[in-house]
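The listed protein sequences correspond, in order, to chains A and B. Number 100 in my numbering belongs to position 100 of the first sequence; there are no gaps in the numbering. Numbers in my numbering are just positions in the second sequence, counted from 1, shifted up by 1000.
There may be inaccurate statements among the hints.
[To be verified] Listed next, the in silico DMTMM-like pairs over lysine to aspartate or glutamate satisfying Cα-Cα at most 25 Å (straight line):
1. LYS1183(B) with GLU314(A)
2. LYS1269(B) with ASP1019(B)
3. LYS1154(B) with GLU20(A)
4. LYS1324(B) with GLU1342(B)
5. LYS1183(B) with ASP55(A)
6. LYS1150(B) with ASP21(A)
7. LYS1183(B) with GLU1238(B)
8. LYS1303(B) with ASP1019(B)
9. LYS195(A) with ASP1337(B)
10. LYS1154(B) with ASP34(A)
11. LYS1183(B) with GLU29(A)
12. LYS1361(B) with GLU1342(B)
13. LYS1183(B) with GLU186(A)
14. LYS1150(B) with GLU1124(B)
15. LYS3(A) with GLU20(A)
Source of the hints: derived by calculation from the structure; they are not laboratory data.
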Amino acid sequence: MAKMTMVQALNLALTQEMAEDDRVIVLGEDVGRDGGVFRVTDGLFETYGESRALDTPLGEAGIVGMAIGMAIYGLRPVAEIQFSGFIYQAFHQIEQHAARIRWRSRGRFNVPMVIRAPFAAGVRALEHHSESREAYFAHTPGLKMVIPSGPRNARALLVSAIRDPDPVVFFEPKSIYRAFREEVPEDEEVMEIGKSVIAREGQDLTLISYGAMMRPTLAAADRLTEEDGVQAEVIDLLTLSPLDDTLFTTSVRKTGRAVIVHEAHRSFGPGAEIASRIMERSFWTLEAPIKRVTGYDVVVPFFAREQAYLPDVERVLSAARETLRA
Amino acid sequence: MPREVIEIPSTIEYLTILDQDGGADPALEPELSDEFLLSLHRWMLLGRRFDERMLRLQRQGRIGTFAPVMGQEAANVGAAAALRQSDWMVVAFREAAGELMRGRTMEDLLLYYGGYNEGGTIPEGVNNLPTSIPVGSQALHAVGLAWGIKYRGKDDVAMVFFGDGATSQGDFHEALNFAGVYKVPTVFVCQNNQWAISVPRSRQTAALTLAQKGLAHGVPGIQVDGNDVLAVYVAAREAIERARAGEGATLIEAVTYRMSVHTTADDPKRYRTDEEVEVWRQRDPINRFQIYLRTKGLLDDEKLAGLEEDIDQQIREAVERAEKTMSEPVDPLVMFDHLYAESYPHLVDQRRELADALSDKES
């Protein structure tokens, strides 16, 4: 097994799926000759040619709208939106069509497409390059919303997303594109979309997170063990829609305490839904109010202040300790 | 030489074959079989009569809001008739006459406008996309279908319909641009019916024609008399031939008129005059074509009466079938169908929640 960054792991998924299946077409701005601005599609143009690593004109609605037609035709387009902050120019195509074509046509047509987009903060970028607006997509019936947290699960989930018969919005936490490496098997590996995993076992408290926030969350769990003698269980959601509520509600029934960590805004964010599911399914075992550690309800500030916006180990620790004291 | 002239294609051809009295320009008249000419007429007339029936059903509260085709039958049928079975037809919401010709059923359309998702079905083997309501958005799907056709080395085409209002949308321009860049077999059919609800064509764009909007994207355009089914057919056939030959997309502007309401929720008296409507009534695409057919000896009063009777019977049967379905108790649980290839626990739970609520109501 090779040690890979998330960028390399995503590239491996694309390279292998394109080799397996000539229906898989990668398209987007700069994904061809340039290999993508983050190099996720590096080498695809050379290996598979310009018709399968397709540079598009600069128009997000065009990319997604055309990919919908390609998917209806029977291809498996993987559309890249260069930054999730520009996905709004295609939002109508996603909401009005990608999410509904199966439903509208009563199953006659389906849209097996993936929309990949780097998202979230932490890379000292310009405005519109730091948001976490996964809730828009998780809120929309007919879509799937997947967010990996490391190289290995990114690769396995992207393979599953490409093979999925329905549209998958695949948000890649760009702050960890190259932040660390993991062993990624050369042989095929898939992970089921709609299933969360236990990233760390424990019985005193449940920490629920996903994407780049898994790192501070896991670091906080380690500190709780070292400094407080507390064993936190950490759930990595991996898919926001359909949400696997069995795993985290079962965990909370065991621990009685839950802290949800995400960098998306708090109001109407994923944490609100997760907390509701806990209330619906695990209320009687709760020992303390559910806490949320999230981005604030402000536009993500320019990068001089972005670290203050982002949840970090200290904020997770403090919420966890409050929960434990209750 | 600080200033020089760059030559760009800057003319738009206008095509009309039938005059207002149904006479054909002998230089332009296409050679078409009697059978084909009569089928154009049949589908146009069916479209008109079906529209009229739907309007009555809507006024009686038996179906919901819909967008009548009335006046645009030639634009609908002329373009759709140039397609073959394996081609794709991508519609907006004012193409019922053309859709019926391609194999969507009247029963499904009635159910669709009666509020039943079941009516959105497209029969297997019919390459039509379902009704697309967000204006102009479907143009990109036709480009994607055409891209797939080209990728697979087929010589089919994807034809997309939209109105004059759609030409103000970004998606329309992105679609033309992408189609131009990839040189894909897309045929863009703009049914310029002069009105986007209450906004006239003159307030939609300062451009002289809508057909010229393709030029900046490297897509040739042609304007046709949209109330002349022969002209629409010939323009569509030429565009399809270009597309099949690998020469890329064409934008056809069919100049026509929405003789009825935008939708049944609209009152055109608020924004246009009866005089204007009357001018266009004189150019009725069906009347014009009937005169042409009579001149050719293909139609007379007796044949027309027989055809009317036949169409009436067909519509009556479709209405009966649709109304039978609509008279039966509706199954609300159908709303959970076809969201994804498979169902998921939250949907299973919510479906059960509704089923329980329904059975509580019954008991």
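Okay, the hints, checked on the actual structure:
At roughly 56 Å between alpha-carbon atoms, LYS1183(B) and GLU314(A) are farther apart than 25 Å, so this suggested pair is violated. Our distance criterion of 25 Å between C-alpha atoms is broken by LYS1269(B) and ASP1019(B), whose separation comes to about 29 Å. With a C-alpha separation of about 22 Å, the suggested pair LYS1154(B) and GLU20(A) falls inside the 25 Å cut-off, and the hint holds. As the CA atoms of LYS1324(B) and GLU1342(B) are separated by approximately 30 Å, the hinted pair breaks the 25 Å bound.
Straight-line distance between C-alpha atoms of LYS1183(B) and ASP55(A) comes to about 14 Å, which keeps the hinted pair within the 25 Å bound. The suggested pairing of LYS1150(B) with ASP21(A) holds, with an alpha-carbon distance near 17 Å, which does not exceed 25 Å. With a C-alpha separation of about 16 Å, the suggested pair LYS1183(B) and GLU1238(B) falls inside the 25 Å cut-off, and the hint holds. Our distance criterion of 25 Å between C-alpha atoms is met by LYS1303(B) and ASP1019(B), whose separation comes to about 23 Å.
Restraint check: the Cα-Cα separation between LYS195(A) and ASP1337(B) comes to about 22 Å, which is no more than 25 Å; the hinted pair holds. Pair hint LYS1154(B) plus ASP34(A) does not hold up; C-alpha atoms about 30 Å apart against a cutoff of 25 Å. Of the pairs offered as hints, the one joining LYS1183(B) and GLU29(A) holds, with about 18 Å between alpha carbons and a cut-off of 25 Å not exceeded. The hinted pair formed by LYS1361(B) and GLU1342(B) fails the criterion: a straight-line CA distance of about 29 Å is larger than 25 Å.
The straight-line distance between the Cα atoms of LYS1183(B) and GLU186(A) is roughly 38 Å, outside the 25 Å bound, and the hint therefore fails. Distance restraint check for LYS1150(B) and GLU1124(B): the Cα-Cα separation of roughly 22 Å lies within the 25 Å cut-off, and the hinted pair is therefore satisfied. Proximity of LYS3(A) to GLU20(A) is assessed by CA-CA distance (about 23 Å); at most 25 Å being required, the pair is judged to hold.
Violated hints for the displayed structure, listed by number in ascending order: 1, 2, 4, 10, 12, 13.
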